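Could you put the whole structure together from the sequences, leaning on the hints where they help?
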Amino acid sequence: MDLAKFVRKQEDHLDSLVNNAGVTTVNAQLDAEDNSAEAISKRMLEQNFDDWLQPYAVNTASIYFTSVTSDIASQVSAAFLPLLMATRKYRCVSGNIVNVTSMSGIMRTSQDGQFSYNANKAAARSLSTQLANDFTRPHINVRVNQLALGCFPSQMTKITTSGEEKEYFINKWHIPFGRAGTSEDIFKLLLNLATSEYMTDSTQVVDGGYLCVVP
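If you're matching positions, the sequence shown starts at 1 in the UniProt record's numbering and goes up one per residue.
Treat the hints with care, since some could be wrong.
Said to hold, decoys possible - Straight line, CA to CA, 16 angstroms or less: simulated EDC-like cross-link-like pairs of lysine to aspartate or glutamate:
1. K89 / E11
2. K89 / D12
3. K42 / D134
4. K89 / D15
5. K172 / D34
6. K172 / D112
If you're looking for bench data, these hints aren't it; they were derived computationally from the structure. As the structure is a prediction and not an experimental result, all values here were calculated from the model.
So, in structure tokens, the structure goes:
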């Protein structure tokens, strides 16, 4: 279903768009037991071109095609920019986009071989900045900000948040706060990014202190 077409039938404007899709490759194995130089090299050699293209389509290209146009890979996706622009007319505030990126796009390491994912997320950060710059034009007037997340439980990241594994998170995941993130850690920040009329091209990092100790 064309989501943008569906929304246009229901609404005359769109206050906020959150781009939250993310995926990594099977061969990245972030939580692999063996992270010796030989094991990482082996995982690098196992990656093929599709291991780079498919995550890039989700992690980076989808931000552009969801925000700007409706044509992606010959399929119909969600083109929300006209609805976001209309927010100024109907509510006298700017429409806004929040792109959920990652601390992985900021750091200088590969996280034990996550080359494609980290490169995708770095590209997503750059794209967000470009969109923020272009969308400040008076006839567009849409804000674009980023939420760079650290270690949060998801289908991609199989972790627990029971609080019983503090040393595991500190020693294995290098998170000073000793736990994974939770939805409560995101809600208020996301709301702030979506409602602060004087903020654009801002990156809010939510990583439990990871980037303080890992370059």
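Structure versus earlier hints, numbers of those that do not hold, lowest first | 3
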